[in-house]
Amino acid sequence: MVISRESISWVIGGPQGSGVDSASHIFLKSIAMSGLNVFGKREYHSNIKGEHSYFSVRFSNQVVRSPVDDIDILVTFDAETIVRHSPFLIKGGILIYDPDVVGKKIEDIHTLDKSSEKRISHILKSKNKEFSLAGIIEELKERKVILVELPYAKLISRFSEEIQDHSLSKLARITNVMSLAASLAVLDFDIPLMEQGILDTFANKPTIAELNVKAANFTYSYVKEKFGAIPEKFSFVTKIHNEVNSNSIIAQGNQTSPLGKIVAGCRFQTYYPITPATDDSEYLESNQILDQNDKNSGSVVVIQTEDEIAAITMAIGAALTGVRACTTTSGPGFSLMAEALGWAGINEVPLLVSLYQRAGPSTGLPTRQEQGDLLFAISAGHGEFPRIVYSSGDIEESFYDTIRVFNYADIFQTPVIHMLDKYLSNSIITCNPFEYKNLKIERGKISKGNSIDIKQQGFTDHFKRFKLSGDPISLRVPLGTENGIFWNTGDEHDEMGHITEDPETRISMMEKRLSKLELIRSRIPKEEQITIEFENNTNGNVKKLIVIVSWGSTKGAILDSLEKITEADDTIQFLYLQIKLLNPFPARLLEEIIDNKIEKLNTIDDTSSSIETIITIIEMNYLSQLDVLIKQNTKLQSDHNILKYNGRPMSHTEIYNSLINIINNQSERRVVLKDGV
Amino acid sequence: MEYKLVDFKTPVHNDWCAGCGDFGILNAIQMSLYELEIPPHQAAIFSGIGCSGKTPHFINTFGIHTLHGRVLPFAQGAKLANPNLKILAVGGDGDGLGIGSGHFVNSGRRNIDITYIIYNNGVYGLTKGQASPTLKLGMKTKSLPQPNVNDSINPIALACISGFTYIARGYSYDIKHLKEVIKKGIEHVGLSFIDVLQPCPTYNDINTKEWYQSFTLDENNPSIRIPKIYKLEEEGYNGVVDNDEDSSNKIIKAIEKSKEWENRIPVGVFYENKNTPTYEERLQSRIDNYKEYPPALQTIKDENGNPNINIDRLIDELKTR
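Quick note, the sequences are listed as chains A and B, same order.
Its first residue numbered -12, the first sequence is counted upward by one per residue in my numbering.
Its first residue numbered 32, the second sequence is counted upward by one per residue in my numbering.
Looking at chain A on its own, in the form it has when it is part of the complex (with noise of 0.2 Å):
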């Protein structure tokens, strides 16, 4: 099905350390700069050299959330892409490729996984075609895909020629530039953008960046003579400059949650080597020096520890000393820190937790998608204490949550795990520069200066770190601070925070502790804890209501799905919420939105019969830990899961005819998608 004719869709593939990450960073900067928007993401394998990895951009005049299935432009130089990608090629998309490669066999890719090979086998098996690369030329002949040739060798020696340079071994390392202006030529771009496109990629570099857009301008005039007939219908989009958006950023998730760490005033973190969450620390300390307002040097200090325990323990010591601290992990390395995480939980140490998820169990899919923590990061460390769990949707929600996740910590002085995932650090927007001006921190009780007062804060001798009385949030001091000094336990304590085993005295700690996740609930805005993401409003008789509930990274998919389904047709009520708190679970407020807008449309509507509510939940997991959660919680049932735990995140696609199957009543109640390469 074609999803979309608004959005391109453009992938380039090819064996990891080729250069698909810089082909890709000059297309998408240099559609960026064009003003449109783009949506990219990264899939690679856990490989350093040779496996397949490609990366695949959405582009268009309005806004992308999401990527889709269907590809408009595949982008080439090997056989294994043209095998594991052509048959995404939509009728009359463009397939860049090297003809030297056809006559590759396709048993000699050995890197080629079953899937890939099954898909070709059974389509070439279908249209009659040999089982070899000029068996799927054909193929994608008949399905009027146009082939742009790129004799790489060919073109190589005559560009050496042209610039009078023979260093081939050098020269080598230009094909991935060379596809990328073959598709940039394809799509009648601006040269001028793309020649800035690869300046940009190669800053540090201005003997490749230029060797680079030569060698792009050259491919990109062959293209342009060699192909001159190639349809319109790929360019209209570049050709709209959207002034509008002309002041948009382009950043990726591993950039916006420590962004949003710096303007939170983090300034220390730790972290074990762990994809894919160690492009977080590596931002953090590639910017460590900071620019304060008030014309200080401010800094982040940055370290890797010899493993998760130790980043964990010593993010809390740290924490101890009254700076904003956070350990950034997988869920590998989360299962390790889940005895610390208590330990937290029962000293009352505010500590950001930044999870980013990979599929799991154990190392599971490395490099790949999945949302398959949320019930152990609910749950994870034995014994019971208060800790936030938080979610952000997407890559620009991340930088804003980041800043609301450590004010979290340290208003309610417990761990906060700020849940993340593969899929949205690694992938790529555009949107509008983060206003963080006037963001607020908010740092909770904790005494300013290097002493406090122990009569004025209510002291009769000493200070008592776990003072008793109605709030369960006692005034915290840092380490160092005169009059403060205070004892921490792995114990149960006392005031003082001296072991003890008293009963009284374990039952009015465990009470002072957990009454904080009832505090939680009723302090934190209920916009923070539930963002109804959609809702449309139609008029009308609305006899049915799609309530749809996600956390996390699947909101793009469902919005840009939403989109475009009510574009359609608007006869079909639709309330989108996502879920961002977690844990404590928002379980009154959830069923609060959904009954007040049950209400409202049996208020509009004037027939008496009730509206029928169709409740779906979108995640990618196998149990649906969303729905464990919401029915552990609330009266709700679900009507529909829609899972996905292949490792390869939902596509716009996927849950576009997900979500058509439910309209017309043709949906399993648990839908299991399958895409993606």
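Think of the hints as simulated: they come from the structure by calculation, not from any bench.
Beta carbons are placed, not taken as given, at the ideal position from N, Cα and C, and that holds for glycine.
Where hints are given, some of them may not hold.
[What the hints assert, rightly or not] With a cut-off of at most 27 Å between alpha-carbon atoms, the simulated DSSO-like pairs for lysine-lysine come out as follows:
id, chain 1, residue 1, chain 2, residue 2
1, A, 282, B, 332
2, A, 424, B, 215
3, B, 350, B, 215
4, B, 350, A, 427
5, A, 157, A, 192
6, A, 105, A, 661
7, A, 131, A, 211
8, B, 332, A, 432
9, A, 112, A, 78
10, A, 213, A, 131
11, A, 282, B, 350
12, A, 432, A, 499
13, A, 435, B, 322
14, A, 91, A, 114
15, B, 332, A, 427
16, A, 112, A, 92
17, A, 424, B, 281
18, A, 584, A, 513
19, A, 530, A, 584
20, A, 442, B, 40
21, B, 40, A, 451
22, B, 259, B, 284
23, A, 454, B, 40
24, A, 112, A, 131
25, A, 435, B, 332
26, A, 114, A, 513
27, B, 322, A, 282
28, A, 201, B, 350
29, A, 192, B, 350
30, A, 451, B, 35
31, A, 442, B, 284
32, B, 332, A, 513
[Claimed, not checked] Quick list of the computed label-pair ranges, beta carbon to beta carbon:
id, chain 1, residue 1, chain 2, residue 2, range
33, B, 275, A, 446, 49 to 59 Å
34, B, 161, A, 494, 25 to 35 Å
35, B, 336, A, 294, 30 to 40 Å
36, B, 319, A, 524, 49 to 59 Å
37, A, 323, B, 336, 46 to 56 Å
38, A, 479, B, 161, 21 to 31 Å
For this one, chain A is given, so just place chain B on it according to the hints.
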């Protein structure tokens, strides 16, 4: 303000067994802090889990009783966030050399200015006397069903090869000497390790106080009694590194010395190297104002509660044009 020794004590009831070697270490720590005139609120003592883990509760400084084996990373985090603090870390031999051995070794790579004291008694006391990583192979302390099947770790040698820059040993019943060893460790700028031989009167019936304080007779002159424990400095040993070239020789000498056991057990300073840059100094070379404006002391919001930061430069890097 002048502090008295009593200012370093808390009224918390101490539940260690009578005759426990831990008391000597506790006293030596309190006396060290007092004699070095460290204001109680500028010190923080971190501990692991076990009998020794309770130490901070008896000392009137900030006291952070952490997790089993994790005392060093907790302590290092606090020190790096606020290098103005005096940080001590204490824990048992099982805590530091068994479950925490990875942190022990990796702390050596950093050389953060912390003093780490291991209460070394060869057993897991609080769980009723299982063999710890320092119990020698074949030893059968009273609560072991069978003799120890594991060989032992040599803590001094491990500290030597891990990169600790002050390595010493004390004996918990010689408080005066132990105190001096601890004071030197606290004064040493860099990561200090002090291995304290500490009899567990309840579970280690082999390395007892009597055993440590026993004598052998000189082969040539039986009237001369040779004490088992002797002080390195009294026998002409000098582990202090004078120059960089000297460092590996001194490490080898220290390791050789650390192998002495049974009849002759050395205490005192095995190794000291003041030339290795601390982690704080390494950070300072990247962050000009790290020491005077460390993470814990930075102003992160202005009087209106807004971020005291300007990230326009970073946002500009993300601008599409």
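Here's how the hints hold up against the structure:
1. Only pairs whose Cα atoms come within 27 Å are accepted, and residue 282 of chain A paired with residue 332 of chain B is accepted, the gap being roughly 13 Å.
2. With a C-alpha separation of about 49 Å, the suggested pair residue 424 of chain A and residue 215 of chain B falls outside the 27 Å cut-off, and the hint is violated.
3. In summary, the hint linking residue 350 of chain B to residue 215 of chain B is not supported, as the alpha carbons are separated by about 55 Å, beyond the 27 Å threshold.
4. Distance restraint check for residue 350 of chain B and residue 427 of chain A: the Cα-Cα separation of roughly 24 Å lies within the 27 Å cut-off, and the hinted pair is therefore satisfied.
5. At roughly 14 Å between alpha-carbon atoms, residue 157 of chain A and residue 192 of chain A fall within 27 Å of each other, so this suggested pair holds.
6. A distance of roughly 14 Å separates the Cα atoms of residue 105 of chain A and residue 661 of chain A; the hinted pair therefore holds under the 27 Å criterion.
7. Pair hint residue 131 of chain A plus residue 211 of chain A holds up; C-alpha atoms about 20 Å apart against a cutoff of 27 Å.
8. For the hint pairing residue 332 of chain B with residue 432 of chain A, the CA-to-CA distance comes to about 15 Å; that is within 27 Å, so the pair holds.
9. As the CA atoms of residue 112 of chain A and residue 78 of chain A are separated by approximately 19 Å, the hinted pair is consistent with the 27 Å bound.
10. Restraint check for residue 213 of chain A and residue 131 of chain A: the C-alpha separation of about 18 Å stays at or below 27 Å, so the hint holds.
11. In summary, the hint linking residue 282 of chain A to residue 350 of chain B is supported, as the alpha carbons are separated by about 24 Å, within the 27 Å threshold.
12. Straight-line distance between C-alpha atoms of residue 432 of chain A and residue 499 of chain A comes to about 15 Å, which keeps the hinted pair within the 27 Å bound.
13. Note on residue 435 of chain A and residue 322 of chain B: the hinted pairing holds, with a Cα-Cα distance of about 20 Å set against a maximum of 27 Å.
14. For the hint linking residue 91 of chain A to residue 114 of chain A, the alpha-carbon distance of about 20 Å falls within 27 Å, and the restraint holds.
15. For the suggested pair residue 332 of chain B and residue 427 of chain A, the alpha carbons sit about 8 Å apart, so the restraint of at most 27 Å is met.
16. Taken as a hint, the residue 112 of chain A and residue 92 of chain A pair is honoured in the structure, with Cα atoms around 16 Å apart against an allowance of 27 Å.
17. About 56 Å separates the Cα atoms of residue 424 of chain A and residue 281 of chain B, which puts this hinted pair outside 27 Å; it is violated.
18. A hinted pair counts as satisfied when its Cα atoms are at most 27 Å apart, and residue 584 of chain A with residue 513 of chain A qualifies at roughly 16 Å.
19. A C-alpha spacing of about 13 Å is found between residue 530 of chain A and residue 584 of chain A, which places the hinted pair at or below 27 Å, so the restraint holds.
20. Taken as a hint, the residue 442 of chain A and residue 40 of chain B pair is honoured in the structure, with Cα atoms around 22 Å apart against an allowance of 27 Å.
21. For the given pair, residue 40 of chain B sits about 17 Å from residue 451 of chain A by alpha-carbon distance, which is consistent with the 27 Å threshold.
22. This hinted pair checks out: residue 259 of chain B and residue 284 of chain B have alpha carbons roughly 20 Å apart, not beyond 27 Å.
23. A threshold of 27 Å between alpha carbons decides the hint, and for residue 454 of chain A with residue 40 of chain B the separation of about 22 Å falls inside it, so the pair holds.
24. Of the pairs offered as hints, the one joining residue 112 of chain A and residue 131 of chain A holds, with about 18 Å between alpha carbons and a cut-off of 27 Å not exceeded.
25. Pair hint residue 435 of chain A plus residue 332 of chain B holds up; C-alpha atoms about 12 Å apart against a cutoff of 27 Å.
26. Pair hint residue 114 of chain A plus residue 513 of chain A does not hold up; C-alpha atoms about 56 Å apart against a cutoff of 27 Å.
27. Taking the CA atoms of residue 322 of chain B and residue 282 of chain A, the gap is near 17 Å; set against the 27 Å cutoff, the hint holds.
28. Note on residue 201 of chain A and residue 350 of chain B: the hinted pairing holds, with a Cα-Cα distance of about 25 Å set against a maximum of 27 Å.
29. Distance restraint check for residue 192 of chain A and residue 350 of chain B: the Cα-Cα separation of roughly 20 Å lies within the 27 Å cut-off, and the hinted pair is therefore satisfied.
30. Straight-line distance between C-alpha atoms of residue 451 of chain A and residue 35 of chain B comes to about 23 Å, which keeps the hinted pair within the 27 Å bound.
31. Between residue 442 of chain A and residue 284 of chain B the alpha-carbon distance is near 56 Å, which puts this suggested pair outside the 27 Å criterion.
32. Only pairs whose Cα atoms come within 27 Å are accepted, and residue 332 of chain B paired with residue 513 of chain A is accepted, the gap being roughly 25 Å.
33. Restraint check, residue 275 of chain B to residue 446 of chain A: a C-beta distance of roughly 52 Å satisfies the suggested window 49 to 59 Å.
34. Distance hint check: the CB atoms of residue 161 of chain B and residue 494 of chain A are about 33 Å apart, consistent with the given range 25 to 35 Å.
35. Against the hinted window of 30 to 40 Å, the Cβ-Cβ separation of residue 336 of chain B and residue 294 of chain A comes to about 37 Å, which satisfies the hint.
36. Checked against the given bound of 49 to 59 Å, the beta carbons of residue 319 of chain B and residue 524 of chain A, roughly 57 Å apart, stay inside it.
37. Checked against the hint of 46 to 56 Å, the C-beta distance between residue 323 of chain A and residue 336 of chain B comes to roughly 36 Å, which is inconsistent with it.
38. Distance hint for residue 479 of chain A and residue 161 of chain B: a CB-CB separation of about 25 Å, consistent with the stated range 21 to 31 Å.
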